[in-house]
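Start from the sequences, fold in the hints, and give me the full structure.
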Amino acid sequence: MFDDSLHGQLADWVRPVTSLPIPDIRVLRRRARRRGMRRVVTVAVVTIVVAAVAGGVTASRAGTGRPAGGRPVAPQTAPPRIVIHGRWQPAGPLPSAGASPAVAPYIVIPGYGGAGGAQVRNMFTGRTIVTIKPLPGQYVIGAAAAGDDRTFVLQAEMGGQQQEFGGGKVGPQQNPTTIAFDELRLGSDGRPLSLVTLLTVSARDAMAGFAISQDASMLAYANSQNNGFETVSLATGARRSWAPPDSGTVSGTSLSWAGDQTLAFEWLAGDNRHPPGLGLRVLNIDAPGNLLQASRLVIPYGQYCGATAACQDGQLLTPDGSKMLVTRVAADGQDYADSVAEYSASTGQRLADVTPTIQTPYAGPPCVPLWTDPSGDQVISFCGEHGERYDDGHLSRVTLHPPMYGLNFGAAFVW
Amino acid sequence: MPVQTDDFGEFYEASYRRVVGLVAAIVGDRQQAEDIAQEAFSRALTRWHRVARYELPEAWVRRVALRLTVDAARRARRARIMSTLLAAGQRGASSDRYDAHDPLQATALSVALMRLPLPQRQVLVLYYLADLPVDDIARDCGISVGTVRARLAAARHRLHRELTESDEEVPNVR
Chain C
200 MFDDSLHGQL
210 ADWVRPVTSL
220 PIPDIRVLRR
230 RARRRGMRRV
240 VTVAVVTIVV
250 AAVAGGVTAS
260 RAGTGRPAGG
270 RPVAPQTAPP
280 RIVIHGRWQP
290 AGPLPSAGAS
300 PAVAPYIVIP
310 GYGGAGGAQV
320 RNMFTGRTIV
330 TIKPLPGQYV
340 IGAAAAGDDR
350 TFVLQAEMGG
360 QQQEFGGGKV
370 GPQQNPTTIA
380 FDELRLGSDG
390 RPLSLVTLLT
400 VSARDAMAGF
410 AISQDASMLA
420 YANSQNNGFE
430 TVSLATGARR
440 SWAPPDSGTV
450 SGTSLSWAGD
460 QTLAFEWLAG
470 DNRHPPGLGL
480 RVLNIDAPGN
490 LLQASRLVIP
500 YGQYCGATAA
510 CQDGQLLTPD
520 GSKMLVTRVA
530 ADGQDYADSV
540 AEYSASTGQR
550 LADVTPTIQT
560 PYAGPPCVPL
570 WTDPSGDQVI
580 SFCGEHGERY
590 DDGHLSRVTL
600 HPPMYGLNFG
610 AAFVW
Chain B
11 MPVQTDDFGE
21 FYEASYRRVV
31 GLVAAIVGDR
41 QQAEDIAQEA
51 FSRALTRWHR
61 VARYELPEAW
71 VRRVALRLTV
81 DAARRARRAR
91 IMSTLLAAGQ
101 RGASSDRYDA
111 HDPLQATALS
121 VALMRLPLPQ
131 RQVLVLYYLA
141 DLPVDDIARD
151 CGISVGTVRA
161 RLAAARHRLH
171 RELTESDEEV
181 PNVR
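Protein sequence lines correspond, in order, to chains C and B. Everything in the first sequence is counted per this note's numbering, starting at 200 for the first residue and increasing by one. Everything in the second sequence is counted per this note's numbering, starting at 11 for the first residue and increasing by one.
Just so you know, the hints here were simulated from the structure itself, not pulled from any lab data. Certain hints may be false.
Derived coverage of chain B by chain C (criterion: at least 3 residues anywhere in the stretch with Cβ under 8 Å from a Cβ of chain C; other residues may be distant) [unchecked claim]: (1) 22-35; (2) 49-59; (3) 115-122; (4) 144-151; (5) 154-164.
It should be emphasised that the depicted structure is a prediction, and the values quoted were computed from it without experimental measurement. Every residue gets a Cβ at the ideal spot worked out from N, C-alpha and C, and that includes glycine.
The structure is reproduced here in structure tokens:
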């Protein structure tokens, strides 16, 4: 029969894939996450255009920051050139302390549809509020949320060429030239009020992974040139480049703000296999010194990753800066034990488990914290295949409607 | 992450193409195959101290990759626009279609393969492309040997029927 030739035919068919160069190890984790954001598939592209594209003369404020001083840092090119578009406005107020998650029902899904827009959904009902067309020439690849659940920042690629498929253009651009950060404002009903570009930067410098401060005034985005990140004030244009010493790396998807001065990040090893201070750290962006000097270690890597397990890039710093919500993965025989724990951001002490612990033979689907009130008294997480609510010491299951889970769960949407 | 990247590098170089190839045969899409394979290897990298001690680290990666193809299929079922695009580019439709961005060339074999239910497709690809014995397939898929044999027989029968029927239409398959 055809058995004899089947191996050969299959091998020939997949040869366009197997003959490609093997991707560099260093981009494995980053690339998988970045691609995950592009993999949110869609039902239909029903668009509501919320484009307020004012012409606007841009004010280039490149070079106003300074690279981190002190110890030698990773190879650092000139500070990335950025353009502030001067349209920033403060976000709304934070929920009150101990506020119910019901006050913050909206999630934003980036890269929605072939056109690469975004979609707003109600996380508790699964209802689609609106599908938003991207600004002209853009393809949305990421999103971040401010503290009011009404202000979101979208990261979008510009330039390059879009792929063609089935007679139409779909998917993100190939070789984009520019990364834009756009602000999306929602009304209380979740419908968009405005979508404007705040800042643009060369695509060579910015990569997947960014966070917006609680009042939406400070942006932190991963810098692909130095494996660190940039912090930029959208209000004043003041900026600072944070490059990790000793060729270490910062996980771009680990960035999380408290207020507008405190930023949590995960510092990972680079060429140095035993760097001191590995783990989750908190940075005061106004402090002097380089990245390590201006930050302090809160939770050593081994305390949330176990001896041989893996991190999941899942932590959240509570908006008041008092606690960190962290995905814990511990080796447990042949399986892994996943949960979300709450730590003190000042002492690093483990305060509570905010989800049950699940056993899994795989790295995923992981347990990830998704939303917290300002103080960490109210937390919503997703663990295994269920939403979990932590209500000031009490655990209960909650019905959630995430757009996907499995591959790169956390990168698929922002809450 | 404190992993022995030198050791991992050798393993990665030696096994990446095999893994991405079998994933590509399951999902029928180049970009998605790369995405899934890289995700599986990245998970191995982050826990390399542990995975390296296994007798067959590649089997661990393969198992994760197979699981990810299931996850991808779940996502595809939730949202169908890309399925529609794929169906427009190929013949027929399957409930296990993926959100393809860069589909491999459509041949009679690939179309027939993509029409197979995902569990049958996984088994068939592992058996014919990866040349794995049924015992290893059972381990990778987390199913019994008997189930592997049953799925393999069903997949082979259905594939043969599809290819025989389409013989005159598509010259790629003899």
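Verify the coverage statement for the stretch 144-151 of chain B against chain C, using a C-beta to C-beta distance below 8 Å and requiring 3 or more qualifying residues.
That given contact is violated, which follows from only 0 residues of the stretch 144-151 of chain B lying within Cβ reach (below 8 Å) of chain C.
| said: How does the stretch 154-164 of chain B fare against chain C when you require at least three residues with a CB closer than 8 Å, holds or violated? | reply: With 0 residues in contact (Cβ-Cβ under 8 Å with chain C), the coverage given for the stretch 154-164 of chain B is violated.
Can the stretch 49-59 of chain B be counted as covered by chain C under the rule of three residues or more with Cβ-Cβ separation shorter than 8 Å? Coverage by chain C holds here, the residue count being 8 at a Cβ distance below 8 Å.
Within the assertion that chain C covers the stretch 22-35 of chain B, do at least three residues meet a Cβ-to-Cβ distance smaller than 8 Å? Per the Cβ count (10), the hint holds.
Quick check: the stretch 115-122 of chain B, covered by chain C? Criterion 3+ residues, Cβ under 8 Å. holds (count 4)
Comparing the model with each numbered hint stated earlier shows that hints 4, 5 do not hold.
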